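*Asks:* Here is how the chains run, residue by residue.
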Amino acid sequence: MHELRYVWEWPVRLTHWFNAISIVVLSVTGYYIGDPFVSVPATSQYVMGWMRFIHFLFAYIFMLSVLSRLIWAFLGNEFASWRVFFPWATSKGRQYIVGTFLFYTFVKAKPPGVVGHNALAAMAYVGVIGLYVVQIVTGFALYGQYAPGGGWDSSLGWLLPIFGNQGLRLTHHVVMWLLIGFSIHHVYSAWLMEVKEKNGTLASIFGGYKFIDPKELQ
Amino acid sequence: MNVDQKSTQVSIPEEILQKWEAKGVSRRDFIKFCTATTAALALPLSFVPKVAQALEDKRPPVIWVEYQSCSGDSEAFLRANQPTAGDIILETISLEYSDVVMAASGHLAEEAKHNAMKKYAGKYVLIVEGSIPRGAGGGYCTIGGKSAVDDCKELVKNAAATICVGTCAAFGGLPAAAPNPTDAVSVMDLVPGAPIVNLPGCPVNATNLTATIVHFLTFGKLPAVDRLGRPKFAYGKRIHDNCERRSHFDAGQYAEAFGDAGHSQGWCLYKLGCKGPETFHNCPTCRYNEGVSWPVMAGHGCIGCSEPGFWDTMSPFYRRLPNVPGFGVEDTADQIGLGLAAATAVAFGAHGVVNIGRSYFGKNDSDADQE
Ligand code: HEM
Ligand code: SF4
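Quick note, the sequences are listed as chains R and Z, same order.
For the record, in the first sequence the residue sitting at position 46 is 45 according to numbering that gives the first Met the number 0, with numbers rising by one throughout.
For the record, in the second sequence the residue sitting at position 362 is 361 according to numbering that gives the first Met the number 0, with numbers rising by one throughout.
Keep in mind that the hints were calculated from the coordinates and are not lab data.
Please read these numbers as outputs of a predicted model, since none were measured by experiment.
One should not assume that every hint holds.
[To be verified] Listed next, the stretches of chain Z that the computed footprint assigns to chain R, with coverage defined by at least 3 CB atoms under 8 Å from CB atoms of chain R:
(1) 171-182
(2) 225-231
(3) 236-244
(4) 249-260
No residue lacks a Cβ here, since even glycine has one placed at the ideal position from N, Cα and C.
With the rest of the complex left out, here is chain R:
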């Protein structure tokens, strides 16, 4: 029998969607900043101005969302806890890693039964959160250049001489592509789990509930 389990609490779902929307908006506006592909006829327009404004607005939203999720890793339920992101630290976790790997490489037909994150995904998220932090730090360091001596410049400006402002810009730009690569994988995996596990993975990130067959959880 399948039963309904509450997995993703509202802060997890909310930050997930804030992150997702922010990444889409930041990638589109960021790409335009890097390569302004639209040229306008009149000086009275303000295309780059708006792109940059929206980029910086969502930069703040994204930063607050990532920060909230990181804090929730210490306050939330067992599925949101920071512990799940390091499955290799426990023997049970290591079993899950191997099981999921065998599933992804077509050796096994089904992934190990888990309620929360699958083990490999959880490990990938550590890398992704790392990329978020890189993006936020390089972004605000670049942003701070508009006002030397201001808050952002005082806190992050020391990065400029070390990596060079061009180096930070290139990093910021390349990480966008890494995040796009991740997003493709992420959406695919979510779909795959939905189809294979038939447990409502896709719906769970909206409503929070998954259908779990307790028998499958060893």
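Dock chain Z with the ligands against the given chain R, drawing on the hints supplied.
*Replies:* Quick look at chain Z with the ligands alone, frame taken from chain R:
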């Protein structure tokens, strides 16, 4: 408003003006010089008489040395605004040694430098042009048999203050660009902790050098600097934030090629690789050659010549971003990124197809039972 106007009605004492006139500098030129320098320092106009007074009182000894450089900064200074700026400063300071303009040569010149250093120890202002090569035991640059490394260290340690003119002296510049065959370094790296002010630029803007000297004369100390030792009055803003083409940037109007319609209409040079957004300098407000022009005004993007790591970090000049290390010179970050995203999509697409296939052929049922 009234108060402001009153305070700007400043006058330079008559006898000072007369003295300069006797030296062949017209009062008009002198007043212009004092006003322009005060403005460059971002001081209120009420400081003009103070500046004039400072030029009157002191004749600080100055030693100007050159190591790995092209003499471009000396050139820029000697050919500064009209005849006056350079003249006034050269009249005001006592230039004890300068490779480019001194009459003496050979051992006599070196002796003059040595004597000046001893005589004015702790009092002279040192101006350094060019980077210092540490490779081959300092053998890549020697003056009168002495390596630039030893010479520079000694001079900096005995100076009241050191002004590094040009990007080479300030950050290593061209000689220090990869692969830096002579192991060239800036003065700041050679003698850490010394009282140094950096005036990077290729070449230094003579207005900024003059203003720095005048600041030293007026207040007895070097101007306030940022974390890279650059005076805030000259390097406190990005070029991009004061650029006359900025409205085109914000609007979204970009020259796509040199000579195209956008370029001839003065649109923003961002897509032609302008490094104004990453470069701190007062070029747009100070300009060069009597305020006649500066690169972006002349139609060429900024190449970031006054930033640390120039040339390596600012090339390619006609592209916005540096090349991605490890990839071919012609691959931009976007081509690589797009390739990566496409490869990801293809890989997962294939993975998905195999999965669907497996479901159809029911091969997974026996596997599922094992689970
Ligand atoms: C998912 C997150 C983000 C993505 C995908 C992203 C993407 C980009 C891209 C592609 C560029 C153009 C880089 C170039 O070619 O020069 C850019 C520029 C920039 N981004 Fe982001 N960004 C993100 C987050 C942030 C954050 C959190 C900040 C913080 C303020 C930020 C601040 C900036 C700044 C200041 C610029 C340069 C804009 C300019 O000077 O005109 N970004 N971004
Ligand atoms: S020309 Fe260069 S400095 Fe001027 S607005 Fe365009 S990008 Fe900025």
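*Asks:* Taking 8 Å as the C-beta cutoff, is the stated coverage of the segment 249-260 of chain Z by chain R satisfied by three or more residues?
*Replies:* holds (count 6)
*Asks:* Is the coverage entry for the segment 225-231 of chain Z by chain R consistent with the three-residue Cβ rule at 8 Å?
*Replies:* holds (count 4)
*Asks:* So is the segment 171-182 of chain Z in contact with chain R by the C-beta rule, three or more residues under 8 Å, or is the coverage claim wrong?
*Replies:* violated (count 0)
*Asks:* Within the assertion that chain R covers the segment 236-244 of chain Z, do at least three residues meet a Cβ-to-Cβ distance smaller than 8 Å?
*Replies:* It holds, with 3 qualifying residues against the three required.
In the structure shown, a violation is registered for the earlier hint numbered 1 alone.
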